[in-house]
Amino acid sequence: MRVGLLPTEGKSTYRFTVLFLATIGILISSLPVVVVTIMSFSASDNTGFPPPELSLRWYWEVIAMFTQEDASSAQSVVDSTVTSLLVAFIVMAISTLVCIPLAYALARGDRRIREGMELLFTLPLVFPLVILGIAFLLIAESLRLEIGIWRIVIPHVALVLPFVLRNCIGAMNGISVETEEAAVSLGASPLRAIWDVVIPLMRAGILAGLIFALIISFNEFTITFFMYTIDVSTLPIWMYSRTVSSLDPSTLALSVFIIVADVVLIVLVDKLIAGRANLF
Amino acid sequence: MSTSDTHLHIDNVSKTFGDVQALKGVDLEIKRGSFVCLLGPSGCGKTTLLRIIAGFENASSGHLMLDGIDISQMPPHKRGFGMVFQSLALFPHMSVAKNIAYGLKLRNISKAEQRNRVEELLNVIELPEIAERPVSALSGGQRQRVAIARALAIQPPLFLLDEPLSALDAKLRDNMQIELRQLQQKFGVTTILVTHDQHEAMMLADELVVLKDGEVYQSADPATVYQKPANSFVADFLGAANLVPAAVSKDGHVTVMGQEIACDTGQPVGTRLSAAMRAEHIGLVPVSMAKDHPVGAVKFLRDLGPATELVISVDGQDLRVRCDNATVPDLSIGAQVALSLDGSRLSVFRA
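The listed protein sequences correspond, in order, to chains A and B. Quick note on the numbering used here: the first sequence kicks off at 1 and runs consecutively. Quick note on the numbering used here: the second sequence kicks off at 1 and runs consecutively.
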């Protein structure tokens, strides 16, 4: 007989409560996505909800924005998308190069050092993003750095590192020292053993970390808002300025594209490591 | 000091981890082509010794001489010793063939030759059809054999095994012991195996090294270690022995449980000793024929098929006795029976 913590008497009430809470949770978390998606199909020029008529005109508008270069705006949507992607890829590359060796060292090293380091790398998560943005801005301005895209890359790396590191450490945990020693006993130098055995076995975790890095960097707004310049700006900043100046549903259609891309990536992560990813 | 026959000389090797002394001056000479078992309870230092030989740990003092050359400072990947780990440590992202060929690939051996060698080894381990299978699709026994084949593929001067059979079930383990012994003889490779299983050690070893608390207690061929244990620990560790107090009663005789037995100890009269008797070396005789034999009561009795296992209580001390079924008198629990002891099969140690 199954013994639960909750009374089995009045089972229908219990089931109702769980269903009710689950529904509320799903509604609240998916509400913005649902609203934005519906609005993006609006046929009208304003963002009144619910849309009086449905059409695909804003989707065509978005496609037009990307295909017909708009010379009038200083920062076109194409430029900011390219910057966003470029930033994301540099962030992915740097965080991988930092996290693989770091995860290896932490997983093979002293347990206390590892816990301390994990905590240290989690700090950017608990720091208010606005304060982080101000801090990075202060640093950049006081040093008068002319570093172009790196103004955004560096804060993004700081934000992304904990996610990538956690996934890499998680992947390392499954690799026994004996597997590595087996490669060494067969004649592989320690570095060769890492290359031939450890990294291939970490692959799923590394990829999951990379996808999280891509999503977080591509969607990041708060810190970027402090750091962007006229020359270097990202897609979320462009979307914000566009929405502030004229709230038309084209931004919403664009965000639906981004949401779809994010969902595809998250599903990929889930498939890749079968629910073993560590977002937090 | 080392003869030409010595393949590996473990020269006075000690190892300390912080305050713990894991190995205390271990000195062993391992003959070329022999099968050596390091046997001992957990924490005796046997795995540490194997890892020092493999190069994964450095000795705190002492040297390893391979064919007279000091390899103490050589990194493990240059030693080229094949090793089979307790977890087997197969590469899960590679097929069976890639696992076996890995050491060959590192030696820049041509693809064709790698293929031949893998095929040859798969035939030796009698699994010719599994080359392209992923490691995860193998059974426990198959993994075991692949791990052995992978280590032997590089034609290692020394073949090291760290409790490789401990994860297998009893029947499979018995079969693998025989196979492992046959493989070792076929390849003629000098082999060192770590185990805590005395039966396994007896099955495999040419030379049995019994370790305890980082010291070698005895190093000899299995029969000698079993028949003539060097001390009471070895006697007890290799197949439960009955340890009873004894004393030298006169020259060439000891008294054990009130019976005087001819047994040359070389000790002066009156020396207090401890005598070890194997369960199967104690005979049973009816009380009517007892003479000065010790007499006890049957406390436990079990017919195991080929033999009968008994516990007989003599003056409050329990003795384990194992008799051939043909020679067991008709007994039941509580019955009185006399024990006959054989002086030539008695091992005595200073108490």
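By construction, these hints were calculated from the structure, which means they are not laboratory data. Quick caveat: nothing in here was measured; it's all calculated off a predicted structure. Some clues are possibly wrong.
[Said to hold, decoys possible] Partial list, computed: chain A residues near chain B (C-beta under 7 Å):
| id | residue |
| --- | --- |
| 1 | Asn173 |
| 2 | Ser176 |
| 3 | Glu181 |
| 4 | Ala182 |
| 5 | Val184 |
| 6 | Gly187 |
| 7 | Ala188 |
| 8 | Val197 |
| 9 | Pro200 |
| 10 | Leu201 |
| 11 | Ser245 |
All residues carry an ideal CB built from backbone N, CA and C; glycine is no exception.
To see whether the hints hold, each was checked on the structure:
1. Asn173: violated (14 Å)
2. Ser176: holds (6 Å)
3. Glu181: A:Glu181 check passes; min Cβ-Cβ to chain B is 6 Å, inside 7 Å.
4. Ala182: holds (4 Å)
5. Val184: A:Val184 check passes; min Cβ-Cβ to chain B is 5 Å, inside 7 Å.
6. Gly187: Result: holds, 4 Å to nearest chain B Cβ.
7. Ala188: holds (6 Å)
8. Val197: With Cβ-Cβ at 6 Å, under 7 Å, it holds.
9. Pro200: At about 5 Å, which falls below the 7 Å cut-off, the nearest Cβ of chain B leaves the hint on A:Pro200 intact, so it holds.
10. Leu201: holds (6 Å)
11. Ser245: violated (53 Å)
Figure legend: structure checked against the earlier numbered hints; hints not met, in rising order: 1 and 11.
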